[in-house]
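As given, the protein sequences belong to chains A and U, one line each in that order. Mapping of the first sequence onto my numbering: residues 1 to 420, in sequence order. Mapping of the second sequence onto my numbering: residues 1 to 220, in sequence order.
Hint data in this document are derived by calculation from the structure and do not stem from the laboratory. A portion of the hints provided could be inaccurate.
[Said to hold, decoys possible] Rough simulated footprint, nothing fancy, chain U against chain A, three-plus residues with beta-carbon under 8 angstroms: (1) 137-151; (2) 283-297.
[Claimed, not checked] Here are some chain U residues pointing at chain A (derived, C-beta under 10 angstroms): (3) 3; (4) 80; (5) 84; (6) 86; (7) 88; (8) 91; (9) 188; (10) 191; (11) 196; (12) 200.
C-beta: ideal position from N, C-alpha, C; glycine also.
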Amino acid sequence: MAFAESSLARQLPHGLTDMFFEQAAIKTWLEAVLQDVFRRWGYNRIILPTFEYYDALATNASPQLQEEMYRLFDREGHILALRPDMTVQAARVAGTKLYDQPLPLRFYYIGSVFRYEEPQAGRRREFTQAGVELMGAAGPEADAEVLALAVAALQALNITRFQLNVGQVAFLQAILSDAHLDNGALRRLEQVIDRKNDVELQRTLAELGIGGGAARAIRAIPHLCGDEGVLEEARRLSTNASARRAIERLGQVYELLRLEGVAEHVILDLGEVRRMAYYTGITFHAYVAGLGFHVCNGGRYDGLVANFGADMPAVGFALGLERAMLVTHPQVDIAPQLLMRGCAHAECRALAALARSRGLRVEVDVLGRDEEALIAYAQARKAHHLVSCRGGSVYLLHDSSGSRELGREELEKEIRSWSC
Amino acid sequence: MELLTVALPKGRMQDPALALFGAIGYTVSEEATSGRKLLFEDLSGRLRFILAKPADVPIYVEYGAADLGIVGEDVLRESGRDLYEPLGLGFSRCRLVLAGPPEAKERVLRLEIGLRVASKYPKLVREYFQRRGISAEIIPLSGSVELAPAVGLADLLVDLVDTGRTLRENGLVEIETLMESQAMLVVNRASHKLKFEPIREIINKLAAEVARREHEGERR
């Protein structure tokens with residue numbers, strides 16, 4: 001052996017994974033199902049590079065996300081990064097290349113993203129996101145479409161017991177607008193609200209000198225969670241017109257989701273303040289019964305595209321495929337439906353071709369095994385049918401019901417009766 | 001009501017935590033707690049308790065293996081886990097302090113080179129020294145941290161202090177408090193969303209009980 005046992009050549013870095021056999025087939029199924037749903041809603045695929053300039057990817061990123069990016073240098077000394085998400089890339093494309101195209105733009109993407117974080121509780125260093133971006137539409141109709149599409153995507157994956165917690169970051173931003181906080185203070189406050197820690201929240205508000213109606217509203221935010229009643233309460237707590245507008249917008253989106261028939265999956269949750277730094281409006285996380293972390297999240301990011309040129313309001317979501325795989329368990333079969341002994345007859349090759357043309361999974365032996373060895377192999381691979389040529393247009397068909405000899409025409413008829 | 005799972009820390013916080021749940025109507029039979037059982041239900045069958053090492057409680061809750069948990073704020077911050085922490089429970093109050101031999105109090109740590117600090121809280125200590133611009137080597141230990149300065153393993157230590165007796169007995173003095181700590185209620189993020197009503201009911205009952213006790217304490 002060329003490598004010592006301690007060599008890195010046979011190991012994977014922490015937080016990465018190989019996927020094969022059924023798992024790989026399940027993931028492929030998820031990808032196909034999601035692409036099909038996105039296509040039916042009028043979204044077209046956008047294919048983006050795996051790495052690009054760090055400056056582009058770090059646009060509007062929080063310090064935490066910047067830290068989590070894998071960075072590398074090109075030979076001219078420019079800093080590159082592996083993409084930590086695809087929304088910023090889609091925004092770059094829209095802002096720099098698609099500014100004069102008919103709006104709105106509807107894109108879906110699917111691919112790996114990379115984050116240097118501790119692999120735990122659903123987090124990995126490379127994971128697959130499938131998501132959509134709806135760009136060039138500012139209204140509640142666009143928010144509602146993206147939320148309804150998230151519901152459709154989860155349902156298409158046979159996930160039934162889930163809910164979308166929908167928040168509105170503009171509400172908190174409006175309430176804080178009078179306090180003139182810098183970004184650091186804002187982020188600290190968001191973190192404390194996000195943890196729902198009231199003691200720490202009171203202490204932080206006092207330290208930042210926030211009192212009166214603003215403090216009352218902020219202390220209520222972690223608990224504003226439920227149905228429409230939440231809207232009324234939030235309206236009461238609003239300290240200015242922008243806060244009231246933010247709540248009115250959330251109400252409009254909720255109404256549209258009711259029209260769409262998906263309101264049963266929606267919980268209004270103004271405590272939902274954790275976000276990518278670029279979100280400006282509604283945000284949401286999807287939770288599935290039995291899973292301790294979200295599978296899907298998204299929101300509105302109206303200022304992001306403008307960083308790259310054209311100003312364009314936008315809203316989107318991303319779904320984590322590996323997380324979804326923890327809660328949906330499609331039946332996949334990767335065993336060959338027809339296993340054929342390799343032989344030199346054109347007739348036999350034609351039989352394999354016939355089965356393939358009917359969409360069946362066909363495997364032709366390339367190891368020159370005899371019938372007995374092939375039957376053992378068929379069992380190990382759980383092949384549905386084994387066909388072995390015995391010469392003179394006579395074939396052995398071996399399957400769960402036993403072995404029998406068939407003529408060519410009979411065998412063709414048999415193959416045509418198998419469903420794929 | 002859906003069965004909820006609560007992770008409790010084994011050890012000194014276990015009894016006060018069970019007593020708190022008892023006070024809001026979730027009592028456990030003596031038989032359940034007297035043995036070595038790590039998993040038992042309350043008498044109403046609405047809560048399932050699991051007993052875990054304190055440092056493991058945030059892990060059980062983050063993964064959703066437990067919906068709720070009780071854990072010291074010190075352990076919670078050290079874990080860095082992503083949880084809701086809606087309620088301070090008012091018991092097991094103590095402080096995380098930097099301590100050392102009496103002469104250490106006079107030293108200007110910022111100017112020292114090769115400072116060694118022993119602690120069960122390596123993450124919190126590293127963050128604390130980084131914030132203060134002090135370079136220190138953190139020596140992670142899992143117990144008897146007071147021993148470290150006496151045998152020359154470390155110059156200083158960071159540990160949890162209740163009355164301060166252990167420090168005094170080992171000839172050590174407090175230099176600074178890093179944080180105040182108390183028992184906290186923690187909640188899994190997804191559970192809080194998906195089992196909102198039953199969890200809210202428990203949080204509200206616990207909050208009322210904690211407030212009642214504080215009020216009683218003030219009157220006394």
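For each hint, the structure was consulted:
Here's how the stretch 137-151 of chain A fares: 0 of its residues keep a CB closer than 8 angstroms to some CB of chain U, so the rule of at least three is not met and the hint is violated. With 9 residues having a beta carbon nearer than 8 angstroms to a beta carbon of chain U, the stretch 283-297 of chain A meets the requirement of three or more and the stated coverage holds. Annotation: interface hint on residue 3 of chain U violated; nearest CB of chain A at approximately 13 angstroms, more than 10 angstroms. Here the hint on residue 80 of chain U is kept, as its CB sits about 8 angstroms from the closest CB of chain A, short of 10 angstroms.
Hint status for residue 84 of chain U: holds, given a least beta-carbon distance of 5 angstroms to chain A, under 10 angstroms. For residue 86 of chain U, the interface hint holds, the least distance from its beta-carbon to any beta-carbon of chain A being 5 angstroms, beneath 10 angstroms. This hint holds: residue 88 of chain U has a C-beta 5 angstroms from the nearest C-beta of chain A, less than the 10 angstroms allowed. About 14 angstroms separates the beta-carbon of residue 91 of chain U from the nearest beta-carbon of chain A, more than 10 angstroms, and the hint is not met.
Hint on residue 188 of chain U holds. Least Cβ distance to chain A is approximately 5 angstroms, under the 10 angstroms limit. With a cut of 10 angstroms, the hint placing residue 191 of chain U at the interface with chain A holds, because the nearest CB-to-CB distance is about 7 angstroms. For residue 196 of chain U, the interface hint holds, since its Cβ comes within 10 angstroms of a Cβ in chain A; the closest pair sits about 7 angstroms apart. The interface hint given for residue 200 of chain U is met, as the beta carbon of that residue sits about 8 angstroms from the closest beta carbon of chain A, less than 10 angstroms.
The structure fails to meet hints 1, 3 and 8 from the earlier list, while all remaining hints are met.
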